[in-house]
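All chains should be built: construct the whole structure from the sequences, respecting the hints.
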Amino acid sequence: MDDVHREALGGIQQLERELIVRDFVSLLNDGAHRELYPFLTDDVLYRPSPARIIEGRSAVTRMLADMHASFDEWSTTMVSVAVRGDTVLTEQRLRLRLAGSAAVEVMGFSSFRLQGFQICAWHQVHA
Numbered sequence: 001m002d003d004v005h006r007e008a009l010g011g012i013q014q015l016e017r018e019l020i021v022r023d024f025v026s027l028l029n030d031g032a033h034r035e036l037y038p039f040l041t042d043d044v045l046y047r048p049s050p051a052r053i054i055e056g057r058s059a060v061t062r063m064l065a066d067m068h069a070s071f072d073e074w075s076t077t078m079v080s081v082a083v084r085g086d087t088v089l090t091e092q093r094l095r096l097r098l099a100g101s102a103a104v105e106v107m108g109f110s111s112f113r114l115q116g117f118q119i120c121a122w123h124q125v126h127a
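So in this note's numbering, spot 46 of the sequence shown is number 46, and the numbers just go up one at a time.
If you're looking for bench data, these hints aren't it; they were derived computationally from the structure.
Take these hints with a grain of salt, some might be off.
[Stated by the list, open to error] With beta-carbon atoms standing in for the labels, derived distance ranges:
| no. | residue 1 | residue 2 | range |
| --- | --- | --- | --- |
| 1 | Met63 | Gly85 | 36 to 44 angstroms |
| 2 | Thr87 | Gly56 | 19 to 27 angstroms |
| 3 | Gly100 | Asp42 | 23 to 31 angstroms |
| 4 | Arg97 | Cys120 | 17 to 25 angstroms |
| 5 | Ile12 | Leu89 | 43 to 51 angstroms |
| 6 | Gly108 | Asp66 | 13 to 21 angstroms |
| 7 | Gln13 | Ala102 | 36 to 44 angstroms |
| 8 | Glu105 | Ile12 | 16 to 24 angstroms |
| 9 | Arg97 | Gly11 | 21 to 29 angstroms |
| 10 | Pro50 | Glu91 | 13 to 21 angstroms |
| 11 | Ala99 | Met63 | 35 to 43 angstroms |
For every residue, glycine included, the Cβ atom is placed at its ideal position computed from N, Cα and C.
Here it is, written out as structure tokens:
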């Protein structure tokens, strides 16, 4: 394989990984928790905070559904995305609103590690 072909293939793989994460976040915004299943490995690890780790596809999607149910509004906007190897790093703006209150925007960062075409680890940090 020549260098040009290798570079092109690497760029395509990086774009695929970015699109997987973008599609995942889009479904998350829609509250389509069941549709998130194909994006996650069976043993996915989700770390929503330094003190908490959720393990397994069912547990992660159940927790996401519970969190969505707590808010009248929830949306995540991708501000920037970087891909390196099997890891996708994102800077995000999260907009949340509880019933009877004004919306609040929080900045956050995430790392998504992919195994093939699925997310096997997701770490979320909010600023």
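message: Run through the hints listed earlier and report the numbers of any the structure violates, in increasing order.
response: When the structure is compared with the hints, numbers 1, 3, 4, 5, 8, 9 and 11 turn out to be violated.
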